[in-house]
Each structure stands twice: as structure tokens, then as C-alpha cells.
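So you can see what is in the structure, the chains are spelled out below.
Number of protein chains: 2
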Amino acid sequence: MHKIVFVTSNNGKFNEARSILGAKKIELLQNTEGYPELQEDDLEPIASFGAKWVAEKLQIPVMVDDSGLFINALNGFPGPYSAFVENKIGNKKILRLMEDEEDRTAYFKSVIGYCEPGNDAVVFTGIVKGLISFEERGSGGFGYDPIFEYNGRTFAEMSSEEKNKYSHRKRALEKFFEWLSSQR
Amino acid sequence: MHKIVFVTSNNGKFNEARSILGAKKIELLQNTEGYPELQEDDLEPIASFGAKWVAEKLQIPVMVDDSGLFINALNGFPGPYSAFVENKIGNKKILRLMEDEEDRTAYFKSVIGYCEPGNDAVVFTGIVKGLISFEERGSGGFGYDPIFEYNGRTFAEMSSEEKNKYSHRKRALEKFFEWLSSQR
Chain A
518 MHKIVFVTSN
528 NGKFNEARSI
538 LGAKKIELLQ
548 NTEGYPELQE
558 DDLEPIASFG
568 AKWVAEKLQI
578 PVMVDDSGLF
588 INALNGFPGP
598 YSAFVENKIG
608 NKKILRLMED
618 EEDRTAYFKS
628 VIGYCEPGND
638 AVVFTGIVKG
648 LISFEERGSG
658 GFGYDPIFEY
668 NGRTFAEMSS
678 EEKNKYSHRK
688 RALEKFFEWL
698 SSQR
Chain B
518 MHKIVFVTSN
528 NGKFNEARSI
538 LGAKKIELLQ
548 NTEGYPELQE
558 DDLEPIASFG
568 AKWVAEKLQI
578 PVMVDDSGLF
588 INALNGFPGP
598 YSAFVENKIG
608 NKKILRLMED
618 EEDRTAYFKS
628 VIGYCEPGND
638 AVVFTGIVKG
648 LISFEERGSG
658 GFGYDPIFEY
668 NGRTFAEMSS
678 EEKNKYSHRK
688 RALEKFFEWL
698 SSQR
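First to last, the protein sequences are chains A and B. The opening position of the first sequence corresponds to residue 518 in the working numbering, with each subsequent residue numbered one higher. The opening position of the second sequence corresponds to residue 518 in the working numbering, with each subsequent residue numbered one higher.
No lab work stands behind these hints, which were simulated from the structure alone. One or more of the hints may lead you astray.
The list treats identical chains as one, so a pair stands whether inside a single copy or across any two.
Here are the computed lysine to any residue pairs in the SDA-like style, where the Cα-Cα straight-line distance is at most 20 Å [stated by the list, open to error]:
hint, residue 1, residue 2
1, Lys646, Glu618
2, Lys610, Phe659
3, Lys605, Thr622
4, Lys610, Arg621
5, Lys605, Glu619
6, Lys541, Glu679
Bound conformation, chain A alone (with noise of 0.2 Å):
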């Protein structure tokens, strides 16, 4: 069985992660060790600085993910710091924020890095098109899930069987999977 090293603190991503990729035969581990994470506008690099950075340091195979909601009103804020910002001021304020703009669309990304050590780093993309609600409604997820909606519910209203059918680190794992497979 193919063994990946997934780098991350969130217990919520490495569950949905391994869940995903243990379907197609990939045993995950979890490593919570860290790793340095850039500033930029976008995840990819982000990601890809992190794959590679600790593939050097454990000498091993490893995996990243680096995730965030987009709305396009606000010109991709909070983007690369969704974490920060949700900690900082939270849904409340994202939709107040929103108040007076009429475009409501929105995507979640999760961007998978992935590093052989010795190697550069390769990256997949995942993207949830949807829109940010009037108000926080739902009570699963976590994060910006109950004012992100896809298809008249939100995220939180979702159940993370359901929310994982459709979500942006799916699509990103899937993409990732089939490049593996390709590989061997």
C-alpha cells in the first residue's frame, strides 16, 4: 500500500483527506510538525514552498494543503489568510462587509502540495463555486462553511458526507490521485 506523509495540524482536513485517498488505496499519516508558511496573494505557491520544504527536512514524501474562500466583491479577500481572518473577526463581520455589494459570488480553493525529496514541488487545485449567504445559517463544519452556499444550503447545513461530495479539497485530492496513479 502507497504511504504519504500529510503535513497538518487540522485533524478536520487530514480526516477528509485520508478518507478520500484511502478509497483509492493510500494510507495517509498525519505529521503535525509545521512548516513555514509564505505570504502571497495566491495558495499555490504556498503550498508548493511548504511541500518542499519539509520533503528536504524529513527526506521523505510529503503532502500539504492550503485552503481558502475567495469572494470576488472583495477582490479574493480573505484568500491565503481565511484562517487569520475567521479567527481574527469571524462570519459576522465577513458579512458585514458584504452588506452592500450585490455580487455574492464566492469559491472555496485547496491547493495539494506534494514533494519527493530531491524533486521540485507539484501542486493541484481544487475550486467550489458558490455564494456567500445573508446570514450564517447551519450548524455543521467548521470555518466559513455556514455562509458558504452551494445550491440554496450552506456548507454548515450540509453533512460532511454530503459537503465532502462537493467540496474544493475532493476536487484537489482527486486531481492529485490521478497524477499519482500516472506516475507508477
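Here the structure of chain A is known, so what remains is to put chain B in place on it, guided by the hints.
For chain B alone, kept in the frame of chain A given last:
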């Protein structure tokens, strides 16, 4: 004359620092190559990592500056991501976030990171405390200056000479200069 390379692509920062350190007989040279900026909740580790990274790369003594606006009612937002947030949502949206907030206190913070090759980086912090105004005022300065009040006027309502007397960067640079002088 002592020479230091200041790694920054921000000419405003460079000119302010050159003027302040020039008065102390230190010649500042600008380098715009950049360095990896980490995602951290505060500025010190960002400046420290950046200074060390460039000093080892160029093999010369270098300084960097990382600055931000920390709003207490918003738990320190936008903090280390001040430039990104300014660029994406701007001052009017910051005022929107502050509409219901009674606590208007905030501070600008500047951290100078300095490193000589082979040594650890050292950091020097300067802070100026003020209030978030209720509307933008003044046409001077840049960034958050029109919404940052110090003694009744915003930084954008002051001449650059006056603003620089109180500025967070001035305070950090003075600590840096004292330290440099004590090393000789």
C-alpha cells in the same frame, strides 16, 4: 561611514529610514530583491526570518522592516496582513467593520530585523498608539494613515516630517541605532 543594506521594495519605508539613520551617520542602501515573508500572528518572527534569509543569501549585513496596524476591537486585525487587507478591501471597509465598536483603540507597529551572516537575527520593535477615526481624513501619508488618529489628527492630516516624529518606524529605528552603537 557604516553601511547597511535595507531590503524593501517600498520606497516610502526606505526614504523614511534613510533620513532617520542618515542623521546618525549610517548610510542605507536599498535592495529590492525581496525575501520569503512568513504567515505569523505577529511581526517579529516575520522580520527575523526574513533578515536571516537575506543575510545568508547575500552574505552581507541586512535589515528588513515589517509593519502593521493592530485594531484592538478586531483582535489585532489586520496585523501582519495589513498591506494585503488594505489592497483588497481598503479603509472604507475597515470603518464598516468598526461601526458598532466602542473601543476605537489601535496601534501601528514596526519591527526592524537585522542580521549579519553567520549570526542570529535581532529585532527592534516600535509602536505608536492611536484611535481609529469615524471617517477618512487627510490626504498625506499612505495606507491606513487617513483613519489613524494620533492626538486628534490622522496621520494623513500631518506633514510627513511631523508624522515621522511620532511614527512606529522611527521608534524601531532608534532602538536599532542604539543597539548598533553599543556594538561598536
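Verification of the supplied hints:
1. Lys646 / Glu618: within (17 Å within a copy, 32 Å between copies)
2. Lys610 / Phe659: For Lys610 and Phe659, the Cα distance is within 20 Å only inside one copy (16 Å; across copies 25 Å).
3. Lys605 / Thr622: Between copies only: 16 Å across, 23 Å inside.
4. Lys610 / Arg621: both (15 Å within a copy, 16 Å between copies)
5. Lys605 / Glu619: Result: close only across copies, 17 Å inter versus 25 Å intra.
6. Lys541 / Glu679: This pair counts as within: shortest intra-copy Cα distance 19 Å, inter-copy 64 Å.
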